[in-house]
Amino acid sequence: GAVVSQHPSWVICKSGTSVKIECRSLDFQATTMFWYRQFPKQSLMLMATSNEGSKATYEQGVEKDKFLINHASLTLSTLTVTSAHPEDSSFYICSAGMEGTGELFFGEGSRLTVL
Amino acid sequence: RKEVEQDPGPFNVPEGATVAFNCTYSNSASQSFFWYRQDCRKEPKLLMSVYSSGNEDGRFTAQLNRASQYISLLIRDSKLSDSATYLCVVIPAGGYNKLIFGAGTRLAVHP
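Chains as they are written, first to last, in the numbering used here: chain A, 1 to 115; chain B, 1 to 111.
These are calculated hints, taken from the structure and not from any lab test.
Computed from a predicted structure; not experimentally measured.
Taking lysine-lysine and the DSS-like style, the derived pairs with C-alpha atoms no more than 27 Å apart in a straight line are:
#  : chain 1 : residue 1 : chain 2 : residue 2
1  : A       : K55       : B       : K98
2  : A       : K41       : B       : K45
3  : A       : K64       : A       : K20
4  : B       : K79       : B       : K45
5  : B       : K42       : A       : K66
6  : B       : K42       : B       : K79
7  : B       : K45       : A       : K20
8  : B       : K2        : A       : K41
9  : A       : K20       : A       : K41
10 : B       : K42       : A       : K14
11 : A       : K41       : B       : K79
12 : A       : K64       : B       : K42
13 : A       : K55       : A       : K66
14 : A       : K64       : B       : K2
15 : B       : K98       : A       : K20
16 : B       : K98       : A       : K41
17 : A       : K64       : B       : K98
18 : A       : K14       : A       : K41
19 : B       : K98       : B       : K2
20 : B       : K42       : A       : K41
21 : A       : K14       : A       : K66
22 : B       : K98       : A       : K66
23 : A       : K66       : A       : K41
24 : B       : K42       : A       : K20
25 : A       : K66       : B       : K2
Chain A is faced by these chain B residues, among others (derived, beta-carbon under 8 Å):
#  : residue
26 : P44
27 : K98
28 : L99
29 : F101
30 : G104
Note that beta-carbon positions come from the ideal geometry of N, C-alpha and C, so glycine has one too.
Go ahead and model the full structure; you've got the sequences and the hints to work with.
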């Protein structure tokens, strides 16, 4: 079946550095991908909708200059956490759907720890 | 008010028990409804869609009441492997594949 892959699955970085997370749809094209964040014991919160070839749409309260999203191709979206701080430590998950099916697939998630 | 609300639990039940989870959503124009399952430190996975007529998949039964904006999930004959967090998920009107998640209800099935 269709698969969405994320990389890296976990990353530890120093405060102030930037971290890039990739989300790939492996056997289908996705004009739209979604980025979620989940803090421990909390719900997945939608951060932004990534649109291929255009700007991402950010949810209220999510800083677009801090969480840079690039969706340059139909199979790849990237999320860059710029100048990461400990409060950015979280589980970041992307999702993508096959056009016209309404079926949505999630990446394996990327666990970010900022020291 | 949160868009999707769930009882956080945890529900601690013995194997073989029947357990029910409830969920309410605030946007009456919401168009699609799902139950997802999330294991600890893993991505969520679709358990089943929820239809107005109610639907069943093996030991799992989902119900939707649009008038009350209420969704339920019933698990019969619980297995140890059912232990997980169950997420109520809604797609709002016009929100193509934009999933809104509840905080989840944690289920622990013990021998």
